[in-house]
Amino acid sequence: MSLHTLTIHQLREKLRRGNVSAREATQSLLDRIQSVDGKLKAYLWLDAEDALAQADAIDRSGIAKNGKLLGGVPVAIKDVINVEGQPCTCASKILKGHTSVYDAFVVQRLREAGAILLGRTNMDEFAMGSSTENSSWGITHNPWDLERIPGGSSGGSAAAVAADEAFAALGSDTGGSIRQPASLCGCVGFKPTYGRVSRYGLVAFASSLDQVGPFTKDVADGALMLRVLAGHDPHDTTSVPQPVPDYTAGLGKGVKGLRIGLPKEYFIDGMDREVEAAVRAAIKKLQDLGAEIVEISLPHTDYAVAVYYLIATAEASANLARFDGVRYGARVTGEDVIDMYGKTRGAGFGPEVKRRIILGTYALSAGYHDAYYVRAQKVRTLIRQDFEKAFERCDVIVTPTSPEVAFRIGEKTDDPLKMYLCDIFTISVNLAGICGVSLPCGFTNDPRLPIGLQVLGKPFGEETVLGVAHAYEQATEWHKARPNL
Amino acid sequence: MQYEAVIGLEVHVQLKTKSKMFCGCATEFGGSPNTQVCPVCLGYPGVLPVMNEEAVSKTIRTGLMIGSKVAGFSKWDRKSYFYPDMPKNYQISQYDLPLCAEGAVEIKLDGGKTKAIGVTRAHLEEDVAKSTHFETTSGVDFNRAGVPLMEVVSEPDMRSPEEAFAYITALKEILVSGGISDCDMEKGQLRCDSNVSVRPIGQKEFGEKVEIKNMNTISGVRRALAYEIQRQTAALQKGEKVSQETRRWDDAAGRTFVMRTKEYAHDYRYFPDPDLMPVVVSEEMIAAARKLLPELPEAKRQRFIKQYGLPEYDAGVLVADTALAGYYEKAAVASKNPKAISNWVMTELLGKLSEAKRTIGECAIQPEHLTELVALVDGGQISGKIGKEVFAEMFDSGKSPGLIVKEKGLVQVSDTGALEGFVNEAIAKSPKSVADFKAGNEGAINFLKGQVMKLSKGKANPQLVGEILQRKLRGG
Amino acid sequence: MRKPVARRYDTFLNMANDTNQFDVGYVAHLARLHLSDSEKQKISAQLKDTLAYVAKLNELDVSKVEPTAHATPLANVLRRDEVRPSIDRATILKNAPEQARDLFIVPKIVE
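Chains A, B and C, in that order, give the protein sequences.
Residue numbers for the first sequence follow our numbering, so the first one is 4 and each next one is one higher.
Residue numbers for the second sequence follow our numbering, so the first one is 738 and each next one is one higher.
Residue numbers for the third sequence follow our numbering, so the first one is 37 and each next one is one higher.
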């Protein structure tokens, strides 16, 4: 059995016993990447020598054998999270050649836990997109069908984990960028509660919505990763000083007596019939396992995409203003400073980023600020309140992650609005600041493409969400399926 | 037609904190370029700001000193505009919910009258970097970027450059005395922009307002405003219109130049900074700030008059400079003769300092030594004249007056035997003066006194010399 | 002077619907984003669709709703006024597109 197919908990067991070394684990991934990444293009950057050197250091220190949660486990990082000494381009030409000068908080956590920082994964430029087609460095392919997109924006991380090119990967989720690609690639993607994981070192897209989270091969690994990533960071003032439970120990309690809410607004016309069937079957499964199903309503769901595109782009327009060719990154010379700014940014940003900067700038500009931005913030309040009310009646909410499975490359690139609507089931979660996971719950028939189930929890309800996801996963075989590459 | 000016001022003050507003970099002035920087204040991808509590508490303290309403709920906003000195191309500032709203600063006018200049708001923001200009390029040093900056916006309550001058002076006094800022304009710790318009006297509506930037000294503010008021008045008198625009003061040329017109006004796109949580100012925070409030200048002046028996004028001069007042108080509080201390400070000390172009902070004389000097003079150990000599030595060397007197043998001679010797010698040398005195010219005794002082090298006790002379001349 | 500007809500609903007012050139200048003519045309058309879509927010009465700016209800998250080490100058200047005399160099700034 090749090491690269293992889950983290399986690999850790072998490392702890001394059956394998961190170098062997890393080498096995490098070999796998060597053999399949030419087709997938999940990785943007990888330094095999550096990865092996990290592994050797871990082997020498004995970390792999001690109790460290990720001792000797290589982890891939989305190209939007800073790792000191490694490139961080956010898949954008404007950061071409940029090297991070500091570690993100989550990266410090990974280092402390004994992880190996393996490489940088592809993404939509500045995390703006749902297909990873907006990367300036090329398209990542879905491991289940190379003609199709892996989802986005964290498409590289999702594809890498689904294709056994990584044991786990970090992603970021602003409107579904972890859950949607996890769903489309058939792995587990967890979006923590806003404030649960520090954003320090995550290049901001929309600061009030962004959250870092893990991609893993199963729910137990998700719990393990979350335990490493979560916790208070004094460098992020939106980080909440709340104790971190032992998510791994919390698994296995089952769903008996739990109330699972089904929002009627999420089972809509136009949804892929196979997706709906798979999700309905998953709900039936949870019911069989002892959960109580209650119908709930999230009445402002229909407004979520509009709210999201105003708030996210407004925040992004300011967040991306710093890319100006003065202190770092690429520069295009100009006649004067203003010309230099315009040309640098005009040449550095891709079409989707430009579109969103224009929308966000417009939504904040004099005369339109209240009609667009402030109004969106108010409707955000209504969406948040929808969830508060819903969670009075249930413990978790279950929905499809995405209304459809992976689509063909190029299918939606000319219609941004159609692309935006891919995120209708994931976006509200970020607006409300709650947590959620996507996990495999079936496949379409022909072609065979993964379908994702989304489980949502209350703020800081990660344990409950993981518990439900784990119970479902353990009762099914979907998570064991692997693409044929 | 007669015109009057309407002036409002925006004063930016660097707060005295050890570290920057949103990161731990040092705020110290004068560091080598780009050595007080980090990913946060350079606006690197992925960094986040964390607010300096000292900056918040100093702004609250300022609000209390100028009688503001300190907000219960205050938030931070992003103000967007592109400029190479702005690392993020947005400035973290406060838009609609500043920490302090309303308030007033009292200024003194000619003839002892006072006037309250309203303060619209005082809010907290971050300073920008410093640019140096070369032939075809500019260079940016980010050491200053992110230093806590408080903006105090006045109401358009001033009517003359003199009032504006008095306002900045008074505000500066408050901020220095409160330990909020050193307000050193040369170091850019206090900077000022102004809005000025002109209208016919009696008209209620304001005229078209012009913003003036780049007034780097307080006197520059006065000159710039005087120029601008004259320019606008002349335009109106000629029947021209004043256009709403931003102008730049050129101190060397002595005039203002157009920087940008209304069409190019900024669109700052303010919105709440999602990275920073609001500040909810609690009763405890206000109570804590209140504890650190300094005595306001006016209260201190009254106290000096009462506690130290000073004339109003002395108290006024001393209090006008917080450091000087502090110096005085250190010397006076231990002295039996605080009025004499004031005399020394007001005449000798200030004179010497201005001669040497030094500030009170750079003065070599310890306040305790001044107390000692006054005691030596009052106790008759040295004469007032010797006292001045000792003072000069103290100013140069920083030695204690007791040591100087001892080293130089300046102790006053009060020994009658020794004094009689000097008196006899003087009488013998000046028969004319003796004759004059005896002929009824009482004033002639002063010449003889002078002779005795000269013979004693100034050390003779002048009072005793007078007595002995009187006795000898009348008796003999 | 940066006094809060009072805004009237009612007038904005009309403006929001009036996408003819969308001047992509002006907005691109605000964002310091050089766009080619074809980019301008394309973005303009796409954003008109997007703006028409987001106009659905006008269906809701939000007059009594507080805006949400943060996803967590924290307040007063402050740090102590302590100096921390700065980053090495050579490291940050190495990342600069242009540098000289220990400064970040840009085309001459004219005010």
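What the hints contain is simulated information worked out from the structure, not anything from laboratory work.
Computed from a predicted model, the values in this text were never measured in an experiment.
Just so it is clear, CB atoms sit at the ideal spot from N, CA and C, and this is done for glycine as well.
Be a bit skeptical, because a hint or two may be false.
Distance windows between CB atoms, simulated [what the hints assert, rightly or not]:
hint, chain 1, residue 1, chain 2, residue 2, range
1, B, A1060, C, V101, 25 to 35 Å
2, C, V119, A, G253, 33 to 43 Å
3, B, A1025, A, E87, 30 to 40 Å
4, A, K267, B, F810, 51 to 61 Å
5, A, R411, B, Y818, 55 to 65 Å
Problem set entry | Violating hint indices (sorted, rising) | When the structure is compared with the hints, numbers 1, 4 and 5 turn out to be violated.
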